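Participant: Heads up: the protein sequence lines correspond to chains X and C, in order.
Take 1 as the starting number for the first sequence in our numbering and just add one per residue.
Take 1 as the starting number for the second sequence in our numbering and just add one per residue.
Don't read these hints as lab results, they were simulated from the structure.
Since the structure is predicted, the reported quantities are computational estimates derived from the model, not experimental observations.
Pairs of lysine to any residue residues, derived as SDA-like cross-links and limited to a Cα-Cα distance of at most 20 Å, are as follows:
| hint | chain 1 | residue 1 | chain 2 | residue 2 |
| --- | --- | --- | --- | --- |
| 1 | C | Lys183 | C | Ala34 |
| 2 | C | Lys183 | X | Gln67 |
| 3 | C | Lys183 | X | Thr71 |
| 4 | C | Lys233 | C | Asp182 |
| 5 | C | Lys183 | C | Ser223 |
| 6 | C | Lys183 | C | Gly208 |
| 7 | C | Lys183 | X | Ser74 |
| 8 | C | Lys183 | X | Asn76 |
| 9 | C | Lys194 | C | Thr173 |
| 10 | C | Lys233 | C | Gly145 |
| 11 | C | Lys183 | X | Tyr75 |
| 12 | C | Lys183 | C | Ala27 |
| 13 | C | Lys194 | C | Ser79 |
| 14 | C | Lys183 | X | Asp73 |
| 15 | C | Lys233 | C | Gly181 |
| 16 | C | Lys183 | C | Pro226 |
| 17 | C | Lys233 | C | Val217 |
| 18 | C | Lys194 | C | Pro220 |
Listing some non-contacts, in silico: residues in chain X with all C-beta distances to chain C over 12 Å:
| hint | residue |
| --- | --- |
| 19 | Glu16 |
| 20 | Ala19 |
| 21 | Arg22 |
| 22 | Thr144 |
| 23 | Asp145 |
| 24 | Ala146 |
| 25 | Ser169 |
Beta carbons: idealized from backbone N, C-alpha and C, even for Gly.
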Amino acid sequence: MTILTEVARLPIVTTELDALLRQVARRDVEAFASFYDQTRARVFGLVTRVLRDPGYSEETTQDIYLQVWRTADSYNPAAGSPLAWLLTLAHRRAVDRVRSEQAASQRESRYGSANVDPPSDLVADSVILRDERRQVADCLDSLTDAQREAIQLAYYDGLTYAQVSERLSANLATIKSRMRDAIRGLRRCLGIP
Amino acid sequence: MTEPLDPDLIALATPYALHAVSDSELADIERRVAAAPPAVAQAFDDEVRAVRETMAVVSAATAVEPPGQLRDRLLTEVSADPVRALRPRIKRWQAAVLAAAAALVIGLGALGVGMALRPAPSPSTAEQVFAAPDVRTVSGQIPSGGTATVVFSREKNAGVLVMNNVAPPAPGTVYQMWLIGDKGPESAGTMDAKAVAPSTTAVLPDLGDSQTLAFTVEPPGGSAQPTSPPFAKLPLV
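All chains, full assembly: derive it from the sequences and hints.
Facilitator: Right, here's the structure in full:
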């Protein structure tokens, strides 16, 4: 458990991504390349975490960015940050892929239920991401094991909350509130408004 | 459904935002939110938004660099996207076509689709469509001559359009394709005279909920909404 002081605000420059997305919507290939470069490690890492297969993850990441290319004009700044828009889209794709292959029930978490660290040799190595990663890891540590497990199964393993409840032999209301408390804890810890 | 605060619905906001609900429950939740009093819908949306912003930050914890070739492939693909590109980039498109030829012909051959075609500019998307378990083919005659065929997959959310012997658009006009779904027509790009003759293939990358592919004649550069009645339609079912 780590005692946290005031956490610096997230370093990704949202306004910049916002501007890039608007250029992407106008079919600007260079803006698309910049947008990709600034976000690719987050997207590929999340997708890999959900799919656990490098080949599928690469394909799915490609699909995600092609969807960005085609639907950038549907991004609405009033509805959230560009990064949240992108990662929501990415997570949806990854989860759809897992479920369409009906693989979720057969897969076991390779990393164990409470571990969300990727293998260290593959971790993206930008300084900004590294600092932010440490903050997030500290905040994940501040959750209870039960809360972390709920996030692991639902978000990274692609199970529905009903499946999580079965897996853990806990009732649905318990699982829903565990998920909610986990997010609230993270949100508070990360200083997200 | 209309208890003042609907705590059952609000309790679903986090699983919903984490994509941790089944497809049927997802549809049910969206119906309930749409029918809920504004204050309830607002509370639900606020919670969904907070969850998504939080997980966007948490993505730093799992960040991993993708292979370098993915960047090259993506940039090649978006640069060569003749359907969506506002300015057609014929040279690059033709290069991609040649590179993709073998793979696509094999793909179609395996499906028993007997037609002479030039391949799509985007081998990865097209190959995925052809390999999809739910691949479908629809075909129709264009009234002014020629045929249009769409091979598509809902699972892959993409299709490949093949036009054979379709006359190019009249000078000063383009053909514009529209994917028509619940929210009305959405442009799927334009084709000018160079892009059409004599046999054309294009990727339809994002089918969404569209049920129909329609073609209209539009001024150069295309239009935001169709300005003339479609001269052809293909049902995507």
